[in-house]
Amino acid sequence: MKSALSLCLFALLLTLSRASLAIEITDSTGVHHFDKTPQRVIALSWNNVENLVELDITPLAIADTSGYNTWVAQPALPEKVADVGVRHQPSLERIARLKPDLIIIGSTQGAMLQKLKLIAPVLYFDDFHADHDNEESARSTFIKLARLFDREELALQKLEKQKAKLNALRQQVNEHFNGEPPSVDVVRLTNLSHVYIHDSNSMVHAALSALGLKESISLPASTWGVGLRPMTQLTEVEGVLLQIEPFPLEDKLFNLPFWEAMPFANARRQGSVEPAWSYGGISSRYYMAEKLTKALLELPTDAPEAKP
Amino acid sequence: MNCSLTRALFLPCALILAALLHLWLGSEISAGQQVNLLFGAKAETPQDFQFLQSALPRLCMALIIGATLGLAGSLLQQLTQNRLLSPMTLGTSSGAWLSLLILTLLAPQFASEHRDLAALIGAGTTTVIVFLLAGRLGFSGLPIVLSGMAINLLFAAIAAALILLNDQYAQPLFVWSSGDLAQVSWDKVIWLLPRLLWPLPLLFLAPRVLTLLRLGEQGARARGMNLLPIFALFLLLALWYSAVAVAAAGIVGFIGLLTPNLARIAGMRRAGSELAMSPLLGALLLTATDSLAMFASQGGILVPSGATAALIGAPMLVWLLRKGEGGQIEEKPWSIQREPGRFTLPLLILFGLVSGAGAIFLDHLQDGWMLAVPEPIIWQLRWPGILTALSAGTGLAVAGVILQRLIRNPLASPDILGISAGATLAIIIGAVSGQVINSPSMIANALAGSLGVLALLLLLNARQQFSPGRLAMIGISLAALMEACLQLVMTQGGDRAFALLSWMQGATYLVTGDKALMLFIGCMFCLGITLFGERALTLLSISETVARGRGLATGAARTALLAVVGLVCALVTALVGPIAFIGLLAPHLASLLGARGVRQHLLYAALIGSGVMLLSEALSRTLIPPSTLPVGSLTSIIGGSYFVYLLSRRRFASA
Numbered sequence: 001m002k003s004a005l006s007l008c009l010f011a012l013l014l015t016l017s018r019a020s021l022a023i024e025i026t027d028s029t030g031v032h033h034f035d036k037t038p039q040r041v042i043a044l045s046w047n048n049v050e051n052l053v054e055l056d057i058t059p060l061a062i063a064d065t066s067g068y069n070t071w072v073a074q075p076a077l078p079e080k081v082a083d084v085g086v087r088h089q090p091s092l093e094r095i096a097r098l099k100p101d102l103i104i105i106g107s108t109q110g111a112m113l114q115k116l117k118l119i120a121p122v123l124y125f126d127d128f129h130a131d132h133d134n135e136e137s138a139r140s141t142f143i144k145l146a147r148l149f150d151r152e153e154l155a156l157q158k159l160e161k162q163k164a165k166l167n168a169l170r171q172q173v174n175e176h177f178n179g180e181p182p183s184v185d186v187v188r189l190t191n192l193s194h195v196y197i198h199d200s201n202s203m204v205h206a207a208l209s210a211l212g213l214k215e216s217i218s219l220p221a222s223t224w225g226v227g228l229r230p231m232t233q234l235t236e237v238e239g240v241l242l243q244i245e246p247f248p249l250e251d252k253l254f255n256l257p258f259w260e261a262m263p264f265a266n267a268r269r270q271g272s273v274e275p276a277w278s279y280g281g282i283s284s285r286y287y288m289a290e291k292l293t294k295a296l297l298e299l300p301t302d303a304p305e306a307k308p
Numbered sequence: 001m002n003c004s005l006t007r008a009l010f011l012p013c014a015l016i017l018a019a020l021l022h023l024w025l026g027s028e029i030s031a032g033q034q035v036n037l038l039f040g041a042k043a044e045t046p047q048d049f050q051f052l053q054s055a056l057p058r059l060c061m062a063l064i065i066g067a068t069l070g071l072a073g074s075l076l077q078q079l080t081q082n083r084l085l086s087p088m089t090l091g092t093s094s095g096a097w098l099s100l101l102i103l104t105l106l107a108p109q110f111a112s113e114h115r116d117l118a119a120l121i122g123a124g125t126t127t128v129i130v131f132l133l134a135g136r137l138g139f140s141g142l143p144i145v146l147s148g149m150a151i152n153l154l155f156a157a158i159a160a161a162l163i164l165l166n167d168q169y170a171q172p173l174f175v176w177s178s179g180d181l182a183q184v185s186w187d188k189v190i191w192l193l194p195r196l197l198w199p200l201p202l203l204f205l206a207p208r209v210l211t212l213l214r215l216g217e218q219g220a221r222a223r224g225m226n227l228l229p230i231f232a233l234f235l236l237l238a239l240w241y242s243a244v245a246v247a248a249a250g251i252v253g254f255i256g257l258l259t260p261n262l263a264r265i266a267g268m269r270r271a272g273s274e275l276a277m278s279p280l281l282g283a284l285l286l287t288a289t290d291s292l293a294m295f296a297s298q299g300g301i302l303v304p305s306g307a308t309a310a311l312i313g314a315p316m317l318v319w320l321l322r323k324g325e326g327g328q329i330e331e332k333p334w335s336i337q338r339e340p341g342r343f344t345l346p347l348l349i350l351f352g353l354v355s356g357a358g359a360i361f362l363d364h365l366q367d368g369w370m371l372a373v374p375e376p377i378i379w380q381l382r383w384p385g386i387l388t389a390l391s392a393g394t395g396l397a398v399a400g401v402i403l404q405r406l407i408r409n410p411l412a413s414p415d416i417l418g419i420s421a422g423a424t425l426a427i428i429i430g431a432v433s434g435q436v437i438n439s440p441s442m443i444a445n446a447l448a449g450s451l452g453v454l455a456l457l458l459l460l461n462a463r464q465q466f467s468p469g470r471l472a473m474i475g476i477s478l479a480a481l482m483e484a485c486l487q488l489v490m491t492q493g494g495d496r497a498f499a500l501l502s503w504m505q506g507a508t509y510l511v512t513g514d515k516a517l518m519l520f521i522g523c524m525f526c527l528g529i530t531l532f533g534e535r536a537l538t539l540l541s542i543s544e545t546v547a548r549g550r551g552l553a554t555g556a557a558r559t560a561l562l563a564v565v566g567l568v569c570a571l572v573t574a575l576v577g578p579i580a581f582i583g584l585l586a587p588h589l590a591s592l593l594g595a596r597g598v599r600q601h602l603l604y605a606a607l608i609g610s611g612v613m614l615l616s617e618a619l620s621r622t623l624i625p626p627s628t629l630p631v632g633s634l635t636s637i638i639g640g641s642y643f644v645y646l647l648s649r650r651r652f653a654s655a
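Protein chains in written order, with the UniProt record's numbering: chain A, 1 to 308; chain B, 1 to 655.
Bound conformation, chain A alone:
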């Protein structure tokens, strides 16, 4: 009798643990359960495409492959990924025909949620918000996805590796500036009169902090981590100014008297950063930091012995 009871208990425990084997994942809409690891994934937001590729998962399809290759570029998209249309007007029917078992969408795509749910389970990660830390949110989404795909180990390894590399970059920057790195402000130029300045909720800020650098202009945290400001606000820059390429009017702007009067307007305090995507996942922090470092290392500094 007693043994029968314990057998029952054992069986109960077994079923319970079987049930808990179902993967649980929380997105911006709540908790979801997956019985098995999704195999056919379609990601419609580029930061989540990036997350998948970082986890060595080839998505079945994404939104706007050529856009991704142009604007995000890193990590490189594997070949044979189908295109389901631009990010804000994708073809729902094409998505359905590909028979995905998971669709991942991001901020600004929430309006598609109801329709996409008819096709497959949808995970909606609203990672960009003014009232939370975008970097922290990006990291947590990456880990959650890794868990869902049973690759938490890999994800942690990657993050650990990135951390080590970031430390090395930090070292390099520090040495380059003889232990006294200046403040660094990173902007995106759009036309001659206005500039997008990154604030504390941006991946640029996350990259700068990882490099041990600080901005001199601080803007209030915003949803996307950028604020459009008149060019004149750049007079507040105290240290180095980096601009993310491309900016077609570079030659014209840099030769204006107004620009030349800027405190940073000399070869030591002004540099250009290779094209980089500012609205990416957590790994984009590392790519951004890499490009920022490259730009910073190109700035000439006084050699210690040259000082009088």
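Note that these hints are calculated values from the structure, not bench results. Glycine is no exception: its CB is placed at the ideal position from the N, C-alpha and C atoms. You can take every hint at face value.
Computed Cβ-Cβ distance ranges for the label pairs, DEER-style:
1. Asn-255(A) / Val-35(B): 25 to 31 Å
2. Glu-274(A) / Ala-266(B): 56 to 62 Å
3. Ala-448(B) / Leu-297(A): 54 to 60 Å
Given the structure of chain A, go ahead and fit chain B onto it with the hints provided.
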């Protein structure tokens, strides 16, 4: 004497004050230092340079662009004797915007270096198209306003579709298009001045020519003048001025439209004095609105001058219209041209069926176009869009029929009257303050917006009849206001703007089954009520007195019918987005085809409206796979092109 002296002094004094305010807001250094710098002190700090290279050129730009717009507006209005013309109403700015966008997508480097050239070409071409469409006889009347508006809507739809399909490439243009006057050098002023100055000597001849024009062509010929070449010359001059202003400063609406009217209110009745005062007023107005823009931008969010100009201009225009200024356009009675043919109804039904079949069966996969019965999952995704298109087309047609009959005006429609724009504006404001687009609370927003505009219209027309020109102007001003708000959102960066823009173009494919059913029930309910109120609508469309004579409670009937219109517009705008042209074209085409009674009118219009919507729905899925084209853009392009065709045939004007 004393009075005229104060009046003469008032404007220069106000201008100087506005300029000082502008400088005070635009620069951080003290007034004393500013004076020193002006008198040749060497600039040292970045703030000094900011004053010399940014604040001062910005002030100059505000003064020059304001004056140019005022001058162009006054020239245009006097040449055509049409108080509603301005670069804004002529589609100049939307043409510039579209051409710049296309050039940026084709040749980014060239476009960013020669932005002004691109804008100039676009502005010039568009305005010439609008003038050609209106025809020589249409200059002074409604046709030209309509042509401009049609082209505006058409080009805006094409531009929005292009932006949606190329989002990242288009982003740098938003600041320009929002009409911002910020400067970092004297380059633009230097670019502008020679282009504005060379025609100045010609302007001294203008007062004489304009005075002669007032006499009319015959009067002038009696004095031995053939006016046409001179007329053409000055028209080109006015267009040149507006195009140059758009190229240099982006889209700044209202100034060119308002200032000549204000000058006339201020008593400048003679051609020369109006022409002289308009630039001064324009400079004053733009300097003031730009100061406001700078002041508003201090909070951190960049507010472009185009937005503040629209914010001040739109109510001012409405006030002007209320005063009866600017609305003097002859009205043409609405008459029916011919009997419906034997095949009219069957053909319309066939059109609806073919479009419907296309929406259901047409597909465009990797291996090309095909007709296929949709698989269950595809059908599940597809039917809400089809039902939405059908309902929205019917609903807007009903709203159009009611408005055209009630207001007895072939132009009255939700888009022209700005009812849709009101709903859109309310939704944009909601979206900016954090609500989710197409959430239920947005329907309440949209309803408030559309009913608000309806109330405004009723208020404005309490005493006078609804004149077509005045109605069109209200629609235009609300649409411009909405456009300015949208641009304001677009410039702020991030991807949120594209989600808003996507909805702005009418996204039927995002509508879920329950919302599609809700829209269907709503629109059918409105159709039902209208059919129920058939007698009231028939009587009211004859005349108020007849209706009252037959014992109809006209006030209550009118209110109920207008409430139906407001409900349709709110539902469609909240669930699908702003859909242009359907509410205008379907009822109008129906009456062109000979629909007479209310019932017939409703039936024809609903068939046309839903047919066009279903056709757009089918094309939106299949035209550019794998992306989806916004349905609203397609209806605007189909409807807009047809409207332009109608205008070119002069049928609209004579209908």
